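There are 2 protein chains.
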Amino acid sequence: MTRPRIAARMAGIAPFHVMELLARAQALEAAGRDIVHMEVGEPDFVTAAPVVEAGRRALAEGRTAYTAAKGLTALRTAISDDYARRYGVGVDPDCILVTPGASGALLLAAGVLLDPGERCLLADPSYPCNRHFVRFCGAEALGIPVGADTRFQLTPELVAAHWDARTAAVMLASPSNPTGTCVPPAALAGIHAEVRARGGALIVDEIYQGLVYDGEPATALAGGEDVFVINSFSKYFGMTGWRLGWLVAPASHVREAEKLAQNLFLAASTPAQHAALAAFTPEAEAIFVERREAFRRRRDRLVPALRELGFGVPVQPDGAFYVYADAGRHTDDAYAFCFELLEAAGVAITPGIDFGAHEAATHVRFAYTTGLDRIELALERLRRFLGR
Amino acid sequence: MTRPRIAARMAGIAPFHVMELLARAQALEAAGRDIVHMEVGEPDFVTAAPVVEAGRRALAEGRTAYTAAKGLTALRTAISDDYARRYGVGVDPDCILVTPGASGALLLAAGVLLDPGERCLLADPSYPCNRHFVRFCGAEALGIPVGADTRFQLTPELVAAHWDARTAAVMLASPSNPTGTCVPPAALAGIHAEVRARGGALIVDEIYQGLVYDGEPATALAGGEDVFVINSFSKYFGMTGWRLGWLVAPASHVREAEKLAQNLFLAASTPAQHAALAAFTPEAEAIFVERREAFRRRRDRLVPALRELGFGVPVQPDGAFYVYADAGRHTDDAYAFCFELLEAAGVAITPGIDFGAHEAATHVRFAYTTGLDRIELALERLRRFLGR
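Here the protein sequences come in this chain order: E and L.
Residue 7 in this note's numbering sits at position 7 of the first sequence; the count goes up by one each step and never skips.
Take any residue in the second sequence, count from 1 to its spot, add 1000: that is its number in this note's numbering.
Just so you know, the hints here were simulated from the structure itself, not pulled from any lab data.
Each hint should be verified, as a subset may be incorrect.
[What the hints assert, rightly or not] Chain L stretches covered by chain E per the calculated footprint, using a threshold of three residues with CB under 8 Å from any CB of chain E: (1) 1049 to 1061; (2) 1082 to 1095; (3) 1128 to 1136; (4) 1307 to 1316.
Since the structure is predicted, the reported quantities are computational estimates derived from the model, not experimental observations.
No residue lacks a Cβ here, since even glycine has one placed at the ideal position from N, Cα and C.
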């Protein structure tokens, strides 16, 4: 029997390599081994009680029907108010679309902006899904190699140097996954100006926005409303499994994004939207701040310890819950290194290959999404594994 | 300031026209008018109590983290068991991907199967999102005009006649939105054979599957595992706002669909997945059966009454909760007719234009997603509006 052909686009969509590693970790655990999980890009906290309670209440009240495609007005207003309160930036609630996770927001932004044959510039390394959304739309994701000298972020100069006639957009992530670094405000303004001067689109992934440990809280929306901002209730607000995020789009593009949302999603989860309303209460905020401090303590323990173990961490990560480490003193095959570390020492981390091509063979990502006690155990195991 | 260009694909993605009508209906309601809503493609029942309770329990137990991209093993197994119990068909749980609504399943199927320049055949009229998923992937949705003679469905002959070198897939919906008609088993087998002989893909939207009022329950999976089946917890299981559906893919395509799910969604909602487990309990099933009977009674009241009012309903709808009616005796501009009916009589229905081009100007869709008392009121208002 002839099988239906698989679409050509699928050759450009890679699976997460860490999934193979996770499968092996789970097999080891099933066989009785203890594994320290530092490969997972998800907070190790359950959703905060006030948010869970709001979700349970919404269900008890029968809030199970579709919302409008853009989401509940009350939630879009609450997000807008939060931009005003935290960042002093006015955002029209009409320009906010609540989406099924940041994933949904990325799909809307890419779908509205990128045609086949066009190019979107982004940093290499960066979050793999970002380039896959671009590819899904038939456009090319041009990963620009970045290093410690630019805090693993694009710069106005890099954008200008790589822009060509095909380029339609630039995508940044601040803080970045896997590097945890932010785009400094001056660089962001410069990139915005370069993109604007060329009539292109600037897309900024701010899903780790609340999880920044140094410096002032910032949003790219402060630079003007002609930017596409991706955000999420998953990380700072701790609602991963609920699948809720949002897109802020320029007024000129909102109607198109809404049309796409109607067709591609219908709407985001209704119980999740009602639950998220409670994420903006003082009770929830107190929990989020406490958890952020826990992440900060983990970072402050992990980064110097990794340096002592011979990993290169040339710039201090500003936020998220990742350390992107140069393992070049230990290996020239980071993928194999991650599997050996798992098998021999019971520590699971993510190989660089999941984030791009640039120096991927010598880099690994540590996620500090596990408690300090487990981080200590991982460090002890690493010490022995590396014979130090 | 130059605005970022809107992607060319967006010209092929239409908004739902009914949204304009809904906005007007809401404005009238805000001004104190009573409107009978027969435009809404959503059951008027809240989610059944056992399902809601399971969702609340999952939240209380802290089930708020990501699941695997394909969904909970327990849920995929429960879906597989349900295929065995209801339809006597064996479906490997590994071939089931739980998705954010049927929307997610449609995106996966289109993404894995359709490249730019390729063609997917579907019926005109049909659910608008189906053709928009095809277009989003850069492929062409060729709407084939169908009428009462084929129960508003494609036939093997129509598929054979319209297949060309560009054609990669055929998409059916059984029961169909807007017509409520099923593809008869012999026609389905014939279409499957035509598609198979050409090495194409058959995609069957079965989201209204549980809501069939006549004939034996059926699934396209009975015809072989080389079919892509889209399904949903929204309609029969009454979980619209939770956004949960599934895709059954051939074993040859599961890995690709999973890769796409990892990148485009990460996973479906965790609380929704836990809640859906309770949809397969006897307590929930009793509620679903009772609700199905309520829909059947509405259909049995509405169809003859519409015929008496001069609407053409040439074939009895088998299922879903729609009547696709020929309003040609009353209008040659169904879009204007729907607005006039709303303004003058306070009855909201959907114009044919939302479902395609074929005879759209003389057709309207009535959704019986409101109680019999409201349906009686709508009929009385229609009678006066039409002067009968």
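*Contradicted hints - numbers only*: 2, 4
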